[in-house]
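Participant: Chain by chain, the residues:
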Amino acid sequence: MLWIILFVPVLCAATCAIVTWRKAVGWFGVASASIITSMGIVLAVRVVHGRAAVGYHGVLRADALSAFMVIVIGVIALLATLQGVRYLEAEIAAQRCTTRHASLYAVLIQGFLATMLLAVLAAGLGVMWVAIEATTIVTTFLVGHRNTRGSLEASWKYIVICSVGIALAFLGTVLVYLTALHAPRHGTGALDWTSLVAGSHHLDPGVMRLAFALIVLGFGTKVGLAPMHSWLPDAHSQAPAPVSALMSGVLLTVAFYAILRFKVIADGALGPEFARTLLVVVGLLSLVVAASLLLGQRDYKRMLAYSSVEHMGLIALGAAAGSTLAIAAVLLHILGHGIAKGVLFLASGEILLAEGTSEIKNVSALLSRRPVLGGIFAFGLVALLGFPPFSLFVSELTMLRAEFRVGLGWAAGLSLVCMAVIFGAVMSHGREMLFGPKGTDDPAVTPALVAVPLIGGLAACAFIGVSVWPLGALLHAAAHVVSP
Amino acid sequence: MNHQVFDNVLGLGCGVVVLSAVVTLWRHSLIAIIRALAVQGVALALVALTLGLHGHDRGLEVVAGLVLLAKGVVVPALITKVVRHDVASRETDPLVNVPASLVAAGVLIFLAFAASRSVTALTSNAPGRLIPFGMAAMLIGFFALATRRKAVSQIVGLLLVDNGIALVAFLATAGVPLIVELGASLDLLLITVVLRVLATQMRRRLGTVDLDGLAELHD
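Each protein sequence line maps, in turn, to chains A and F.
So the first sequence is numbered by numbering that gives the first Met the number 0: it starts at 0 and just counts up by one.
So the second sequence is numbered by numbering that gives the first Met the number 0: it starts at 0 and just counts up by one.
Simulated from the structure, these hints should not be mistaken for lab results.
Positions of the beta carbon are idealized from the N, C-alpha and C atoms, including for glycine.
Incorrect hints may have been included.
As the list claims (entries may be wrong) - Some chain F residues close to chain A (C-beta under 8 Å, calculated; not the full set): (1) ALA120; (2) VAL160; (3) ALA171; (4) VAL179; (5) ILE190; (6) LEU197.
Sequences are here, hints too, so could you generate the full structure?
Facilitator: In structure tokens:
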């Protein structure tokens, strides 16, 4: 079953490559995303009670955590592909994009999904690394898809910085492999995650320390954690909206998933303190960077990008706490942030299309001029800032509580200060865009194809915020995989 | 293979890897720098082959062949094409001048030895003692990335980092599992292709592949 999940986007990519572009081809992507989501749910039902599914001669493996990530990828992909149909139609209509380019886009999006799915379904850390590296290659052309000067610069920066990061992560992986080879009674698959976790207390602590630091720095580059975050605002602001939604909503957290997998091994070899210190440092640093750069932000897509840096920092802090409760909150935050940020990036793409500018000061009175779109953007911001009933409120609160419980109260306090600054900054930028003197024109209508999925996304985010059902058992099982 | 010969060939290979990394900081001509990179690829393949022959590891011998093909021939050829098309970018234009870069390289080599102490302590055999060479090549690559502003020099820096890490992988573990090695090599090849495509687009749009021409995005 596991290889079928991977096969879906690959098949879809092949179809998009063969069939010449027409609007119907865009819907293939939507179909692929819905199949991935439903298979993720089936997989979750199968593995939620503890027994992991293994596939393809042991190369693939799925436990509750993998199943959860498959669902996250599927849900955000569904939002992004629905919007992708509209993005490509608009680009072709404006003659900024040929049909060949549109096909290439559709193929790359499916390739992007396939590499992310491989990353979360890989049994070995080596294959996981290869998959995450491959996401960089696929997404570079997606970032540069608009083919402007800015997008070219962004894609260059993206691939160079992320390749360096991922190279560091490779060195970290090699060092973990080295310690495993030197540990007594290692099995045949020295990069196999389950056997590494089982034998983690035999691993050499000196090398493991170096290895985990490289892993956090390396995969942290792809997560967008400071100090290696500088590619993120450029790439996310220049990429087409559906790509930004996928990158910000899931790619960052797929890379964080890799850190979580390594963290269990490092905790076994070194005790929880080492990983905790490291994650607290990068988490707080990311929050400070995000807060200081959000204050004077002039571009709303960059504002959303820096907000991703903030949320990745919060997730890192939650993971630093490390208890089952904290990890469950981290996972819920991964889903909630993915949906909210996805919706916001997609809405901002629509705003960019309608207003022709990504400067905050050139957009005003959205709520009165474009009530539906403005409303979606407003509620998206409300969700992102952690207001109830949206799920980010619950997950942030739970993470903070867990941090206090393990003696990280000071870090939680500092993060609250940064969150307050960010709150003020995003609120004032949001107010500038949403309110203002109304023009004489009639309110513009937002197409249903745009509005319905986005409203659906926000409703889902609010629903899981109010009742953790049906996710509760899965979250608990998934958190159990990577916590004591 | 005789132990003495094994040690010597291995040492030679690692020495050449670090030396060619230093050469990339020293030379101004990008063609010469790419040639040094090719030499480094060949030396890396030599190390892999020696380890494979010594340990009777057929998989590693195959990997050595792949490394020779990818890092010694294909990747340098791909980058050379970018330079040939672009007269203006034949010379590097470092932010830090050559003497200072060479001093920095010396410091980095020293740092590499200090940083890999825990690793060399774990692997007390002959290849394990050479791990700092790989770390040094990697650190020099970082330095090149940070201080060189031409697109091609950045590609070279990235490849230096990658070769250094590949050397560490060979020496520390006699190569990661074959499937990972294949994936990593394929990725490297693809990254080079992607960077080349980007550099070509950059030249078409800006007339140069100097990254200083790209400074639109900032806060």
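Participant: None of the hints should be skipped; say for each whether it holds.
Facilitator: Going down the list of hints, with the structure as the test:
1. ALA120: holds (7 Å)
2. VAL160: holds (5 Å)
3. ALA171: Check passed: Cβ of F:ALA171 comes within 5 Å of chain A, closer than 8 Å.
4. VAL179: This interface hint holds because 3 Å falls under the 8 Å limit.
5. ILE190: Holds - the Cβ of F:ILE190 comes within 8 Å of chain A, reaching about 6 Å at its closest.
6. LEU197: holds (5 Å)
Comparing the model with each earlier hint shows no violations; every hint is respected.
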